[in-house]
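J.: Here are the chains, one letter per residue:
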Amino acid sequence: MAVVALKNVGKQYPGAAGLAVEDFNLTTHDGEFIVLVGPSGCGKTTTMRMIAGLEEHTQGTIEIGGRDVTGVVPKDRDIAMVFQSYALYPHMSVRDNMAFSLKLKKYARADIKQRVEEAAEVLGITPLLDRKPRALSGGQRQRVALGRAIVRQPQVFLMDEPLSNLDAKLRVDMRAEIIKLHRKLGVTTFYVTHDQTEAMTMGQRIAVMKDGVVQQIDSPNNLYQQPANVFVGGFIGTPAMNFLDAAVENGTATGSGFSLVLDAARRDAAGTRERLHVGIRPEHLHLAGNEADGQSLRGEVEVVEPLGALTMIQVRVGDTKVTAQIEPHQQVAMGDAVALTCAADKLYLFDADSEDTLMGIDSGVADQPAA
Amino acid sequence: MASTTTHDTATARAAARREKARRAPAKWLLAPAVIFLLVWMIVPLAMTGYYSFRNYNLMMPSITGWAGWTNYKILWSDPTFWSALGITLLIVMICLAVTVGLGLALALLFHRNFVGRGVARTLAVAPFFVMPVVTGLIWKNMLFHPAYGLLAWLFRTLGLEPIDWLAQFPLTSIVTMISWEWTPFAMLVLLTGLQSLPEDQLEAVRLDGANKWHEFRHIVIPHLGQVLYVVVMLESIFFLTSFAEIYTTTSGGPGTATTNLPYYIFQGTFVQYDIGVSSAAAIGAVILANIFAIFLIRFVAGNLNAGEAR
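Protein chains in written order, with UniProt numbering: chain L, 1 to 371; chain H, 1 to 310.
Treat the hints loosely; a few may be bogus.
Here are some, though not all, of the chain H residues that point toward chain L, as calculated from beta-carbon distances under 7 angstroms [what the hints assert, rightly or not]:
(1) D8
(2) D200
(3) Q201
(4) A204
(5) R206
(6) L207
(7) D208
(8) G209
(9) A210
(10) P222
Since the hints were made in silico from the structure, they are not lab data. Model, not experiment: these values are computed from the prediction. Every residue, glycine too, gets a C-beta built ideally from N, C-alpha and C.
Assemble the whole structure, with the sequences as input and the hints as a guide.
T.: As structure tokens, then:
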């Protein structure tokens with residue numbers, strides 16, 4: 001268990017034009033679960049590999065437990081990593097896979113046996129201990145890979161998209177198990193994923209990255225309610241946030257097919273700007289009834305996706321496709337002309353040029369304590 | 001419960017029948033290959049077996065008819081046959097050790113990145129594309145020759161007495177030539193083996209606290225295990241039949257110092273014209289080759305099964 005501190009960490013690959021990771025700053029709490037998330041190629045895996053020591057960072061410093069690990073080889077960093085492909089040793093039994101690092105460290109045989117069996121017990125793989133990895137299912141291999149990491153009792157866990165090779169149902173199960181495991185062991189964990197659902201459900205804090213640059217590091221709720229910019233707003237939440245280009249006039253944001261009245265707080269945030277990006281999450285859009293609150297988006301329904309518990313519709317508002325989440329009993333057909341509405345305090349406002357957030361929302365959900 | 005069981009077995013039986021019917025044409029499609037094998041391999045083998053029990057010496061055409069075990073008895077009491085057998089095994093063992101050892105070292109070297117690796121790799125593989133006869137001639141005339149050879153020149157330059165390699169160290173010379181030719185093969189196969197080693201396994205083992213030796217011992221060697229086995233088996237079979245290198249250089253000599261089993265059979269047939277005894281020796285060689293082949297086939301088959309289970 002340890003605090004990991006990344007200070008102005010950057011990575012320049014030899015021969016590459018730009019930086020793969022730029023100016024990464026993050027200090028974890030002891031035992032925190034940090035998720036690095038972003039689209040592929042955003043530098044999240046590179047960042048993790050730099051913490052592991054599999055890649056050298058070329059700028060800044062990385063500290064693990066207060067010790068600067070620059071130039072320290074991976075095996076001396078007291079970390080354990082779970083690989084996307086699991087990277088189990090195919091010729092060794094599950095037991096030997098898990099015991100291998102302890103054997104290399106010359107632990108006593110009884111000690112190794114005890115640790116391996118404890119870890120196997122925790123993960124529920126005791127009956128598999130004498131099998132070879134190829135005789136295991138994907139989920140079982142995943143557990144073995146986790147087991148191999150936890151027997152070492154490292155200061156830091158690194159997990160590189162550990163669930164991406166599992167089928168959807170198993171992924172949800174393992175997600176819960178990893179969270180339970182983390183709560184039980186309390187080891188500082190870095191978790192890389194491209195799946196924002198995984199990030200939101202698992203992370204105590206989430207670092208959203210894009211093109212090697214951290215966009216925002218915050219709790220899941222804050223990311224949802226107060227995204228730092230258009231990218232984070234669009235990346236966090238499924239279906240993704242709708243963005244509308246709007247002109248502001250007399251406290252009303254208008255564009256082709258829509259007109260949205262800004263409340264006092266949003267008028268202040270918008271200031272003297274004449275153009276804005278307005279963000280609206282699908283779950284905040286409703287089919288308009290008779291209420292005349294001034295908020296309206298009009299368009300033709302292009303797609304209807306009934307999901308059972310709710311229905312997603314895509315509406316063409318002007319030139320923009322807008323996704324809205326409606327109740328399944330609301331009968332809407334393709335080609336219908338509909339009017340959507342959204343509460344004034346659910347509008348996200350972004351600067352039209354910098355794409356930075358001017359105003360988020362406050363859903364009243366208390367923020368999780370950060371540790 | 002009982003009824004479902006019978007029902008199940010009935011369905012299973014029907015499925016098996018369908019499977020059999022489905023496979024029937026496959027048997028016919030296999031026929032050409034089987035017939036080819038028969039004509040190409042079984043017939044010559046049967047003829048060799050037949051001659052090994054006949055009195056058949058071209059120098060004594062008047063003596064014919066069945067020989068019984070006589071040919072085998074002659075062979076059994078011929079010290080040259082036993083020395084040929086020993087030399088054959090010696091060549092196989094030493095060449096295996098040298099080619100696999102050197103091949104592995106070179107494979108590890110060429111697996112690393114360095115400037116000019118492509119050219120270096122091609123050059124390193126080149127000996128494998130030289131025909132065995134040419135190999136023999138190159139070594140005999142350009143390298144080993146006590147007067148014109150490169151080695152003789154090197155020795156003289158250093159102020160040493162040149163060595164007549166083929167006369168003084170005949171077996172060493174033969175082993176050197178064969179190893180020179182086959183090390184690239186071992187290297188090539190082992191290199192492809194190395195390239196199929198997943199990088200993340202090496203990373204995992206590095207994080208687990210392994211040093212270079214552990215990496216090699218616990219990850220690289222087990223990964224190469226199957227490939228190594230194939231190299232050893234294939235090379236054994238090729239080394240068992242080494243002939244051209246011996247024929248073009250030492251002609252089995254001096255004396256019988258480099259007479260291996262293939263060369264012994266050749267001499268029996270085309271120098272002594274005793275086809276009966278040579279056939280018996282050939283049957284001996286077939287048995288020896290089969291001992292190796294059984295291991296090979298069993299291993300390959302085992303691997304195929306393991307591959308299916310994966």
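J.: Among the hints numbered above, which are violated by the structure, and what are their numbers in rising order?
T.: 1
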